[in-house]
Amino acid sequence: MSVPAELSYTEEHEWVSIEGDTASVGITDYAAQQLGDVVYISLPAVGSTVTAGEPCGEVESTKSVSDLYSPVDGQVTEVNEELDDDPGLVNAEPYGAGWMFRVRVVVGADGEPALATGLLAPAEYEELTRSAG
Amino acid sequence: MTDFAGWLMPLRYRSETAEHNAVRTSAALFDLSHMGEIAVTGPGAGEALDYALCGWLSTLTPGRARYTMLCAPDGGVLDDLVVYRQAPDRFLVVANAANTAVVLAELRERCAGPAVQDETGRTALIAIQGPNGAGILSRVTDLALDGIRYYAGSYADVAKRQAWVARTGYTGEDGFEIFCAPEDAEHIWTALSDAAGGLTAAGLAARDTLRLEAGMPLYGNELSADVTPYEAGLGRVVKLDKPGDFVGRAALEARAKEGPRQVLTGLTGKSRRVPRHGYAVLAGSDPVGVVTSGAPSPTLGVPIAMAYVKTDATAPFGIDIRGKTEPADVTELPFYRRGKQA
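Protein chains in written order, with the working numbering: chain A, 1 to 133; chain B, 1 to 342.
Please keep in mind that the hints were generated in silico from the structure rather than gathered at the bench.
No false leads were slipped in.
Short, incomplete list of chain B residues facing chain A, as computed with Cβ under 8 angstroms:
hint	residue
1	Ser-15
2	Glu-16
3	Thr-209
4	Arg-273
5	Val-274
6	Arg-276
7	Ala-295
8	Pro-296
The C-beta atom is built at its ideal place from N, Cα and C for all residues, glycine as well.
Let's have the full structure, built from the sequences with the hints guiding it.
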């Protein structure tokens, strides 16, 4: 199971990568493995507003369904259309071709992007998955 | 891995979709050693089972198998079973892992005369399922598989180890189940895999989607002590015409006469969102039923479900999928039926 060092993580098993004011979001390798083969992903609409820590979509696998949470506040600028035809990309390349959506992040008064409180560093996320068994 | 009725079992080995598709298009192996095996042996074993179960087992020809049920006195289903008549005075009752203790206790209480023995611990079960299964198995056994019809079985050597080989399964595909000693299981598994130049191993997740496509009930989902075989659309397993009393007869006769109150119904989702166990079935905004099993069908590419729906409810139906109603078409069961083999 991989936990890339350059990403941040949520307790709900999303990863987020922030470049400038754009956040890219997907679910982790651990989440994909726990779900099993992903068959359908309901993504937020482009242009819609998402809120850090709130559900904005769902991920269906053979055995279960999970809410997809946004790690950031902002407006959705892009979604991964390829997942519609090939949801298995989430299992095959969760941090690459299996990315899910991009958000223009709201920047706070301090000039910093508004992130979910309690985003986890890679080591913290790894610890979380270990304790989850 | 997951805890399944006290057995540590793989939900999937790698990809459950690939495992599912292997069974539909070629073949895969299952380790089903968790299943309960209870032997009922001795003179009068068949008649004893006629009283204990809702089927007419004394008429079962040696070398044949039958799908049947253990019912409570009120007609509720305590387990669904496959019974093999391995010899005139020997029946092998195969129970669900979670129900083996109940089946054993009930058979001991209900069967006066014959010996009732739990053989689960000394029986391993390997299934090879899929259209190529017979061809692969034939390479490691002298048993003439052409002579083994669906729901028949025979003692035979498999990879030079003794086994009971039966043409049964829980996938809707042709295939065999091989009962053997636990110490021979790995050898037989490896021999089958080698005979095919490598075989996919399939886990519980694939087993569930395969049986759902095939319209086969799962105890705990479609079957429980709260329903009789009639609700599950399996009234044919209740042999009211057999002689003598049997446990549940009066209740089942009454239910057969008045008809079921709900009907196990196949539903195909029209969106990509997947109905799951426990979701409500709606007619308009009225709840008229509940989903017992649902999954994205790997073979059909659409969400499928079985649900108990009130007999007086009329389509069109929807399914409440986490607060949003998704339309679903009533679909005759099974969802998938294999092509007739030559």
